Every structure is written in structure tokens, then in C-alpha cells.
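The primary structure of each chain is shown beneath.
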Amino acid sequence: EAGVTQFPSHSVIEKGQTVTLRCDPISGHDNLYWYRRVMGKEIKFLLHFVKESKQDESGMPNNRFLAERTGGTYSTLKVQPAELEDSGVYFCASSSNRGGSEQYFGPGTRLTVT
Amino acid sequence: GENVEQHPSTLSVQEGDSAVIKCTYSDSASNYFPWYKQELGKRPQLIIDIRSNVGEKKDQRIAVTLNKTAKHFSLHITETQPEDSAVYFCAAMGSSNYKLTFGKGTLLTVNP
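For the record, the sequence lines run as chains A and L. No gaps in the numbering here: position 109 of the first sequence is 109 in our numbering, and each next residue is one more. No gaps in the numbering here: position 95 of the second sequence is 209 in our numbering, and each next residue is one more.
A hint or two may mislead.
Unchecked claim - Using 25 Å as the maximum straight-line C-alpha spacing, the simulated BS3-like pairs for lysine-lysine come out as follows:
#	chain 1	residue 1	chain 2	residue 2
1	L	182	A	78
2	A	41	L	185
3	A	78	L	185
4	A	78	A	54
5	L	172	A	41
6	L	136	A	44
7	A	51	A	15
Worth flagging that the hints you see were computed from the coordinates, not collected in a lab. All values derive from a computational prediction rather than experimental measurement.
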């Protein structure tokens with residue numbers, strides 16, 4: 001079974017530009033999460049999808065971040081316009097539809113905003 | 115909201131020794147506590163987890179203990195090996211949501 005995949009693995013953009021990150025969850029997993037780790041700090045929750053619906057987006061930092069999961073399969077996270085403080089590693093995770101079940105992480109996208 | 119504290123931030127041990135990493139949480143409603151291992155450049159990998167109705171769980175050389183009254187849980191690695199070197203994260207999840215709140219991580223180095 002393929003794990004969670006993310007694309008790209010690295011992205012370097014200039015302040016003010018737009019970047020779109022993609023996550024493909026484990027097949028059949030209804031729950032998809034986005035997390036972010038800023039250098040030296042903890043991994044922080046951004047949002048949670050159940051199928052195509054946003055269940056919890058309490059961790060989204062501001063309206064420059066837009067997450068979508070059209071069709072309930074893969075998800076994208078767009079940052080527009082990017083700021084320096086957006087730099088970090090963005091992780092995606094997925095879990096099955098059982099409550100409180102294990103979350104499996106992708107390898108992350110390292111975003112550097114210069 | 116939930117807050118998870120993790121100690122120590124770095125831990126260096128000799129091969130064969132034991133390693134213990136401790137975490138405390140603030141929300142008494144939290145009921146699921148996973149531990150992730152992240153090797154350099156790789157994804158966080160779930161290595162063991164425990165639910166609030168259990169006090170201890172073991173899987174070969176790793177074990178996790180949970181004290182609900184004190185709101186703390188610990189990861190124990192016995193007979194450490196160089197391949198155990200990684201950053202370890204603890205996390206907590208509340209009963210009413212699926213959000214994981216993480217500790218800041220512990221860099222474990224096992225010296226041969």
C-alpha cells in the first residue's frame with residue numbers, strides 16, 4: 001500500500017509569490033490533515049478535511065492560506081502571497097474513518113520564502 | 115486549547131543504554147497519545163501509541179507509559195542502537211476532535 005505522498009519536496013519562492021502544495025493521502029482514507037513545522041518549533045495543526053469538507057481549520061494562520069480537497073481525494077494548500085514567516089516544512093497526514101485512529105504522515109514539503 | 119511539553123530537547127546515550135523521553139499535557143479530555151520518530155530528511159513515522167484506558171504498552175524495545183492523573187506520558191527505549199538516533203515527537207489528541215498537538219521534539223543520539 002502506498003503511503004501519503006506530497007509534491008513538491010522542496011520549493012523556494014520569493015516573498016509575494018504564490019505556491020501550491022499537493023498531498024495525496026493513503027487510498028480510502030477519508031481524513032486528511034495539514035500540519036506545519038517552523039524551524040526549531042513543534043509541528044502545528046493547520047486543518048482537517050473529512051472527504052471534501054473542512055472539518056476544522058482553526059490552525060490556518062490567516063487568509064493567505066487556502067486549502068482544498070475537491071472530490072475528497074488529493075488536497076492542495078495554496079499560499080498567496082507568500083511571506084517570509086511562511087517558511088517551514090508542511091506535512092500532510094491521513095487517517096481512516098474510525099475515530100481517533102492513527103495518522104500517517106507524508107514526507108513533507110520544505111518551503112523557503114526569500 | 116491543548117498544550118504539550120516535551121523533555122529533554124536533546125538526549126545523548128551510549129549504545130545499549132536506555133533512553134526516556136517525557137511529555138506532559140494540559141487537557142484532561144485528551145485520550146490518544148502517539149509517538150513519532152523522524153529520521154533526518156524522512157517523514158514522521160508512528161512508532162507506538164497509547165489510549166487513555168491503558169497505562170502501559172510495549173512493542174519489542176519500546177514502551178509507553180501513561181499517567182492520566184498527573185497528565186504525563188513517557189517513551190522508553192531499551193537497548194538503544196545507533197539506528198534509534200532521530201527526533202522523537204510526542205502528541206496528544208482530544209476526544210472531541212482529530213487534531214494532534216505535538217511537543218517540540220527530542221533529538222536522540224545513540225553513540226556507538
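- In ascending order, which of the hints set out earlier in this document are inconsistent with the structure? Per hint list: 1, 3, 5, 7 violated.
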